[in-house]
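Participant: Sequence:
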Amino acid sequence: MTGGSERLKQEFRVDLHWTAFPLHPEIPAEGVTLERLFAGRRINIPEMLQRLEQTARSLGLPFGERRMSFNSRRAQEAAKWAESHGKADAFHNAVFRAYFVDGKNLYEIETLAAAADSVGLKGEELEEVIRSKSFKAAVDQDWLRSRELGISAVPTFRMNGESLVGAQPYEQLAALMTAQRVPAQKPSRAP
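So in numbering that gives the first Met the number 0, the last spot in the sequence shown is 190, and the numbers never skip.
Possibly wrong hints are sitting among the right ones.
Said to hold, decoys possible - Quick list of simulated restraints, FRET-style, between CB atoms:
| # | residue 1 | residue 2 | range |
| --- | --- | --- | --- |
| 1 | Asp14 | Gly39 | 39 to 47 Å |
| 2 | Glu109 | Glu170 | 34 to 42 Å |
| 3 | Leu15 | Ala38 | 31 to 39 Å |
| 4 | Asp116 | Ala183 | 31 to 39 Å |
| 5 | Lys132 | Gly59 | 15 to 23 Å |
| 6 | Phe62 | Leu36 | 28 to 36 Å |
For the record, the hints were derived by calculation from the structure and aren't laboratory data. Note that beta-carbon positions come from the ideal geometry of N, C-alpha and C, so glycine has one too.
Assemble the whole structure, with the sequences as input and the hints as a guide.
Facilitator: Below you can see the structure in the form of structure tokens.
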């Protein structure tokens with residue numbers, strides 16, 4: 000579901016690591032409309048959504064009608080927990096679908112538990128992880144690291160000090176791999 004990053008792993012010998020980023024941490028638990036979130040800024044919301052949808056489609060990703068933005072802090076803590084169980088990519092894909100396709104509130108524990116269940120993790124275990132804030136320190140550390148690196152948008156692909164910011168066509172990601180001399184995966188041999 001994460002489009003270009005999945006293809007990168009298929010075509011290059013690269014390990015991708017998710018780092019949490021404080022994207023609008025001021026958003027309340029119930030979320031806000033996009034109009035409210037971007038009030039006072041010169042952002043054409045329909046054009047922004049159209050660009051997001053075009054980018055998603057170019058990467059083969061589904062994209063639903065998005066009208067709200069939600070606080071992603073709990074989703075980030077849940078993702079760290081999923082990563083500790085070897086399910087980071089699958090969980091990110093499930094959360095992507097919940098948010099960008101189904102319009103679900105990522106601050107709601109039930110939404111995150113359903114995402115966990117959908118990838119073979121135990122939703123009830125995740126509920127306890129969220130309530131106990133077991134992965135709060137890990138997310139805090141990522142937020143600090145993001146600030147130290149000057150990251151200001153998501154996604155940001157970073158390698159050896161070079162960054163690509165924003166949703167990028169696959170060709171841009173592949174060019175970064177090539178510029179960084181990341182070896183290609185060995186082609187599979189047919190029998």
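Participant: Hints first: check each against the structure and report whether it holds.
Facilitator: Hint-by-hint comparison with the structure:
no., hint, result
1, Asp14 with Gly39: 39 to 47 Å, "holds, 40 Å"
2, Glu109 with Glu170: 34 to 42 Å, "holds, 39 Å"
3, Leu15 with Ala38: 31 to 39 Å, "holds, 35 Å"
4, Asp116 with Ala183: 31 to 39 Å, "holds, 36 Å"
5, Lys132 with Gly59: 15 to 23 Å, "violated, 35 Å"
6, Phe62 with Leu36: 28 to 36 Å, "violated, 18 Å"
Violation of the numbered hints given earlier is confined to hints 5, 6; the remaining hints are satisfied by the structure.
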